[in-house]
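A.B. asks: So you can see what is in the structure, the chains are spelled out below.
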Amino acid sequence: MVRAEPILMARGLRLRFGRRRVLDGIDLDLFPGQVLGIAGENGCGKTTLIRVLAGMLLPSGGIVRRPDATGYAPQVPLLYDHLSPREHFSYFAAAHDIPTHLRRDRAKALLRQLRFEGWESERVSTLSEGTRQKLNLALALFSDPAVLLLDEPYAGFEWETYLRFWDYLEEIRATGKAVILVSHLFYERSNFDRLFELEAGTLREAS
Amino acid sequence: MRRMAHRVRVSARLVALELMRNRIAVGLLLVLPTVFYLVVFMTTGDRSIDFQLSATGRDVLAASERDLSMLFIGMASISGVSAFLAFVLVLRPGRTDRRLVFEGYHPLELLFAKMLVVLVAALAVAFYITALLPLFFRPPRSFGVFAGFLLASLVYGGLGMAIGAVARRDLEGILFILLLVNIDAGWLQNPVFYGHAHNQGLIRILPGHHPGQVSMVSAFTEQGVLPEVVASLFYVAAFFLIAGAVYWRKVYVRTR
Chain A
1 MVRAEPILMA RGLRLRFGRR RVLDGIDLDL FPGQVLGIAG ENGCGKTTLI RVLAGMLLPS
61 GGIVRRPDAT GYAPQVPLLY DHLSPREHFS YFAAAHDIPT HLRRDRAKAL LRQLRFEGWE
121 SERVSTLSEG TRQKLNLALA LFSDPAVLLL DEPYAGFEWE TYLRFWDYLE EIRATGKAVI
181 LVSHLFYERS NFDRLFELEA GTLREAS
Chain B
1 MRRMAHRVRV SARLVALELM RNRIAVGLLL VLPTVFYLVV FMTTGDRSID FQLSATGRDV
61 LAASERDLSM LFIGMASISG VSAFLAFVLV LRPGRTDRRL VFEGYHPLEL LFAKMLVVLV
121 AALAVAFYIT ALLPLFFRPP RSFGVFAGFL LASLVYGGLG MAIGAVARRD LEGILFILLL
181 VNIDAGWLQN PVFYGHAHNQ GLIRILPGHH PGQVSMVSAF TEQGVLPEVV ASLFYVAAFF
241 LIAGAVYWRK VYVRTR
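So the sequence lines, in the order shown, correspond to chains A and B. Following our numbering, the numbering of the first sequence begins with 1 at its first residue and continues without gaps. Following our numbering, the numbering of the second sequence begins with 1 at its first residue and continues without gaps.
One or more hints might be untrue.
To be verified - A short, non-exhaustive set of chain A residues, derived as facing chain B with CB atoms under 8 Å: (1) M56; (2) Y80; (3) H82; (4) Y91; (5) A95; (6) H96; (7) I98; (8) P99; (9) W119; (10) R123.
If you are wondering where the hints come from, they were derived from the structure by calculation, not from laboratory data. For glycine and all other residues, C-beta sits at the position ideal for the given N, C-alpha and C.
With the rest of the complex left out, here is chain A (with noise of 0.2 Å):
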C-alpha cells in the first residue's frame, strides 16, 4: 500500500564527469512498499545515480533523503577475497549490533533463498561469479533494511534463483520495505510499481 510520505526523497540531483552531465536535475520519490525499476544503455549513469542515492558518491547539486537503515548492493561485488560467506556475515552483523543467534537465523535463511547453501564456509576467492553476487546481493539484504538499494542485483544468477529473487522482492515488498532496482535489462515490467529509463541525465518514466 502507498502513503503519502516518501520514505526515499531526491531533489534536483545533479553530476557532472568533466564535461559530461550524467545526473541533470533527478527527482524521485519512493514510498514504502513500492518498487521501481530504473532502466538505461551502459553508461548513462545508472550506476552513479544509485551511488549517489546511497550516499557512497556525493553529487554536485541536490540532495537525498534516506533512511537509516538503507541496503545497497553494489554492482560489482564488494567483498573480501580471503573471508567465507559465514565471516562476511559475521562483519555485517558487526555492523548492525545483530546478536549471534540471529545472525546465524539470518544468514541461513538468505543461503537457502538465494540458493548458495554449502559454499557458506568457502572463501570467497573460490566462488563463482554468481555465487559472489548472491553473496552480495544477501549482504544488503541482511540488516533486513527499510530500504534496498540494488544494483544490477541479479547479474549472473542462474533461473531458478532469479525467480526465488523476485518472491523474496515480493514478500518483503508486503511488509512495507522499498526497493529501487538498477538493471540495463527488465524481463518483467509486472514486477514493478513504477519503471523509468535514466537518459541524458534525465529520468523519464517509461510508458
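Got chain A; can you put chain B on it based on the hints?
C.D. replies: For chain B alone, kept in the frame of chain A given last:
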C-alpha cells in the same frame, strides 16, 4: 563504548584472518629474510670494517664485515616485509571497508582494527627476523637489536599503511615501497656508506635511519639509545596519523 570494542574485536579478528590467508604476504615474511640472511652470509667474510654511526658522532667503530652486513640486511628485509604487509591490509580491502562504513561501522573502528593487526604483525615480523639472526651472528645486547627491528617494523608498517591509503592500484604502491625500501633501508642506511656520504643530513631524516641506529648502536657499542628510540616513535606516530587521516577520507560515507 562496548559496541565499539566489539566491532573493533570482530574487525581485527577478520583482518588478521585475511592477512594470514594471503599466501604471498605470509610467503614473503617467511622466505625473504631467510634468503637475504643466507645470501649475505655466503657472500661476506670476517675481515674487520671501519664505519661510523650518526648516534655515536665522529667515533670510528670496527666490526666484522659479516656481522655488520647481517644486521643491515635484517633491517632492510624487516622494512620491506612490514611495509608490504601493512600495504596489503589497506589498499585492496579499501572499497569493501567503505561498504562496511555504509552498513554502520565508524571509520575509526576499522582503522583501530587495522592498526592493531599492523602492530601485532610488526611484532611478529621483528620477532621472527631477530630469532633468525643468532644462526649467523650473536650481538651482545640482543634486546636492543630486537627493539631496533621492532621500531623499523613499526615505522615501515605505518608507512605501508599510508601508501596503501594513498595509492589507487597495487602496482604503483608496491613499486613505491620497493624503491623507498631499496634506497633507504637497503642502501643509504648502510653504516659503511654513511661515514663518507656527502649529505648525511638527508640520510638522517629518512624513515629507516633511527631504528637502524637503535640496532647498530646496541649491537656494536655500549651507548644508550633513548634519543633514537624517541625519534623512531615520532616517525611511527606521524605515519600512523597520516595513514589514519587518508584512510578516513577514503572510506567516509555520508550516511544521510
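A.B. asks: Against chain B, is M56 of chain A within 8 Å by beta-carbon distance?
C.D. replies: holds (6 Å)
A.B. asks: Can we keep the Y80 of chain A interface hint, with Cβ of chain B closer than 8 Å?
C.D. replies: holds (6 Å)
A.B. asks: Does the closest beta carbon of chain B sit nearer than 8 Å to the beta carbon of A95 of chain A?
C.D. replies: holds (4 Å)
A.B. asks: Please verify that hint: R123 of chain A, Cβ, nearest Cβ of chain B, below 8 Å or not.
C.D. replies: Because about 7 Å separates R123 of chain A from the closest Cβ in chain B, which is inside the 8 Å limit, the hint holds.
A.B. asks: Does I98 of chain A pass the interface hint, meaning its C-beta sits closer than 8 Å to a C-beta of chain B?
C.D. replies: violated (10 Å)
A.B. asks: Would the hint on Y91 of chain A be counted as holding, given a Cβ-Cβ threshold of 8 Å to chain B?
C.D. replies: holds (6 Å)
A.B. asks: Next item in the hint list is W119 of chain A. Is there a CB on chain B closer than 8 Å to its CB?
C.D. replies: Constraint on W119 of chain A not satisfied, violated at 17 Å.
A.B. asks: Do the numbers back the hint for H96 of chain A, that is, is its least Cβ distance to chain B under 8 Å?
C.D. replies: The hint holds - H96 of chain A has a Cβ within 8 Å of chain B, the shortest such distance being about 5 Å.
A.B. asks: Does the nearest C-beta of chain B fall within a distance shorter than 8 Å of the C-beta of H82 of chain A?
C.D. replies: Since the shortest Cβ distance to chain B is 4 Å, the answer is holds.
A.B. asks: Would the hint on P99 of chain A stand, with a C-beta cut-off of 8 Å toward chain B?
C.D. replies: Constraint on P99 of chain A not satisfied, violated at 11 Å.
Violation of the numbered hints given earlier is confined to hints 7, 8, 9; the remaining hints are satisfied by the structure.
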